[in-house]
Amino acid sequence: MQADIADSERLAVFVFHSNEMKEDAVHWRAFLPGKDGERSLFRVDGLDYYEIAAIGQECAAARPNEKLQGWAIISAADVRKLQGLQLKADNTPPRHGFIDTWPDDKNDRRILAMSLADVAATTRFPCAP
Amino acid sequence: MQAAMLLTNITTAGTSTYTRANDPYPYFGAPQWKEPAADLIADALKAAGVDATQVSEDAVKAARAVLNLLAELPDPAVAVEDNEITLEWYKDQHHVAVVAVDGRSVTWAVMAGPGNPEKGKAPFDRGLPDEAYAAINAVGAT
Chain A
0 MQADIADSER LAVFVFHSNE MKEDAVHWRA FLPGKDGERS LFRVDGLDYY
50 EIAAIGQECA AARPNEKLQG WAIISAADVR KLQGLQLKAD NTPPRHGFID
100 TWPDDKNDRR ILAMSLADVA ATTRFPCAP
Chain B
0 MQAAMLLTNI TTAGTSTYTR ANDPYPYFGA PQWKEPAADL IADALKAAGV
50 DATQVSEDAV KAARAVLNLL AELPDPAVAV EDNEITLEWY KDQHHVAVVA
100 VDGRSVTWAV MAGPGNPEKG KAPFDRGLPD EAYAAINAVG AT
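The listed protein sequences derive, respectively, from chains A and B. Letter by letter, the first sequence follows residues 0 to 128 in numbering that gives the first Met the number 0. Letter by letter, the second sequence follows residues 0 to 141 in numbering that gives the first Met the number 0.
Take these hints with a grain of salt, some might be off.
[Stated by the list, open to error] Partial pick of chain A residues on the chain B-facing surface, computed with a CB cut under 7 Å:
#, residue
1, Leu-84
2, Pro-102
3, Asn-106
4, Arg-109
5, Ser-114
[Unchecked claim] Keeping only pairs whose Cα atoms sit at most 20 Å apart, straight-line, the calculated EDC-like set for lysine to aspartate or glutamate is:
#, chain 1, residue 1, chain 2, residue 2
6, A, Lys-105, B, Glu-117
7, A, Lys-80, B, Glu-117
8, A, Lys-34, B, Asp-38
9, B, Lys-118, A, Glu-22
10, A, Lys-105, B, Glu-71
11, A, Lys-34, A, Asp-6
12, B, Lys-90, A, Glu-22
13, A, Lys-105, B, Asp-38
14, A, Lys-21, A, Asp-103
15, B, Lys-120, A, Asp-104
16, B, Lys-120, A, Asp-103
17, A, Lys-105, B, Asp-81
18, B, Lys-90, A, Glu-65
19, B, Lys-118, A, Asp-107
20, A, Lys-21, B, Asp-57
21, B, Lys-120, B, Asp-57
22, B, Lys-120, A, Asp-107
[Claimed, not checked] Now the in silico label distances, taken between C-beta atoms and shown as ranges:
#, chain 1, residue 1, chain 2, residue 2, range
23, A, Asp-44, B, Asp-57, 33 to 41 Å
24, B, Ser-55, A, His-95, 53 to 61 Å
25, A, Pro-102, B, Pro-113, 42 to 50 Å
Simulated from the structure, these hints should not be mistaken for laboratory data. For each residue, glycine too, the CB sits at the ideal point set by N, CA and C.
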């Protein structure tokens with residue numbers, strides 16, 4: 000896997016809180032950075048539903064009292080076109096990366112998270128038959 | 000057939016007055032007391048627990064004022080974030096509005112349709128700026 004994330008790559012943001020999974024889509028708050036100032040994601044190009052779900056469930060296993068609710072898929076280009084945001088890949092765990100350089104202003108972070116949610120494609124887990 | 004003729008006779012016979020009998024149902028089927036109006040802000044402060052201590056009294060007053068200004072919209076989701084109270088109207092991923100007050104200023108972040116983000120900040124003295132009101136109202140009222 001390339002060290003740099005290509006613009007065309009699909010990125011998955013996992014959702015572990017039921018209140019971040021709305022009826023229609025992943026809620027914009029799922030894209031906000033955590034206390035570490037980063038929004039964690041996984042590079043999922045070439046992976047199918049089951050392979051992506053397996054990564055998500057592995058993440059969920061490390062979170063007590065939380066379970067995988069689904070994920071949002073965005074492209075790296077979607078992130079980079081938003082002013083100031085950068086993508087970094089640390090591959091720890093494998094395929095892991097994050098969005099960083101979020102602005103200090105809370106309202107600026109909100110509008111960026113809303114902009115990511117606006118273009119995201121949502122998959123629920125487990126998927127409805 | 001006879002019934003239909005009878006009906007015709009009645010309707011062609013002229014004006015008649017119908018007085019509806021008192022409907023006893025409300026007295027049996029519905030509660031005779033009013034639920035107290037939900038206090039969304041008090042509930043959010045309570046849910047925030049110790050985090051609510053960062054919220055100033057001015058922020059609470061401002062949040063109540065915003066709620067009153069946008070009273071025609073459906074109830075928003077109210078939350079406490081650090082020193083701010085946020086009010087959110089969510090329709091779908093493309094239509095969402097968030098107003099945040101901290102007692103000194105009001106900020107708004109609105110996704111007013113696909114690819115149409117709007118944001119702003121203003122001192123909260125008398126209310127919401129027109130541009131904020133229009134953007135929030137457009138999302139909240141849909």
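Check the hint pairing Lys-120(B) with Asp-103(A) against an upper bound of 20 Å on the C-alpha distance.
Status holds; Cα separation ~15 Å.
Does Asp-107(A) sit within 20 Å of Lys-120(B), going by the straight-line distance between their CA atoms?
holds, 10 Å
Take a quick look at whether Lys-21(A) and Asp-103(A) sit within 20 Å of each other, Cα to Cα.
With a Cα-Cα distance of about 27 Å, the restraint between Lys-21(A) and Asp-103(A) is violated, given a limit of 20 Å.
Going straight from one Cα to the other, do Lys-120(B) and Asp-104(A) come out at no more than 20 Å?
holds, 11 Å
Is the gap between the beta carbons of Ser-55(B) and His-95(A) within 53 to 61 Å?
With a Cβ separation near 39 Å, Ser-55(B) and His-95(A) fall outside 53 to 61 Å, so the hint is violated.
Taken at face value, is the distance from the CA of Asp-6(A) to the CA of Lys-34(A) at most 20 Å?
violated, 26 Å
Holds or violated: Lys-120(B) to Asp-57(B), with C-alpha atoms at most 20 Å apart
Roughly 17 Å between the alpha carbons, so the hint for Lys-120(B) and Asp-57(B) holds.
Would you check the hint for Lys-118(B) and Glu-22(A), treating anything up to 20 Å between C-alpha atoms as holding?
Since the Cα atoms of Lys-118(B) and Glu-22(A) sit roughly 25 Å apart, the hinted pair is violated (cutoff 20 Å).
Arg-109(A) was flagged as interface toward chain B. Is the shortest Cβ-Cβ separation under 7 Å?
holds, 4 Å
Can the restraint linking Lys-105(A) and Asp-38(B) be considered satisfied, given a maximum Cα separation of 20 Å?
violated, 25 Å
Per the CB criterion, is Pro-102(A) less than 7 Å away from chain B?
This hint is violated: Pro-102(A) lies away from chain B, its Cβ roughly 11 Å from the closest one there, beyond 7 Å.
How about Asn-106(A): closest beta carbon in chain B under 7 Å, or not?
holds, 4 Å
When held up to the earlier numbered hints, the structure conflicts with 1, 2, 8, 9, 10, 11, 13, 14, 18, 20, 23, 24, 25 and fits the remainder.
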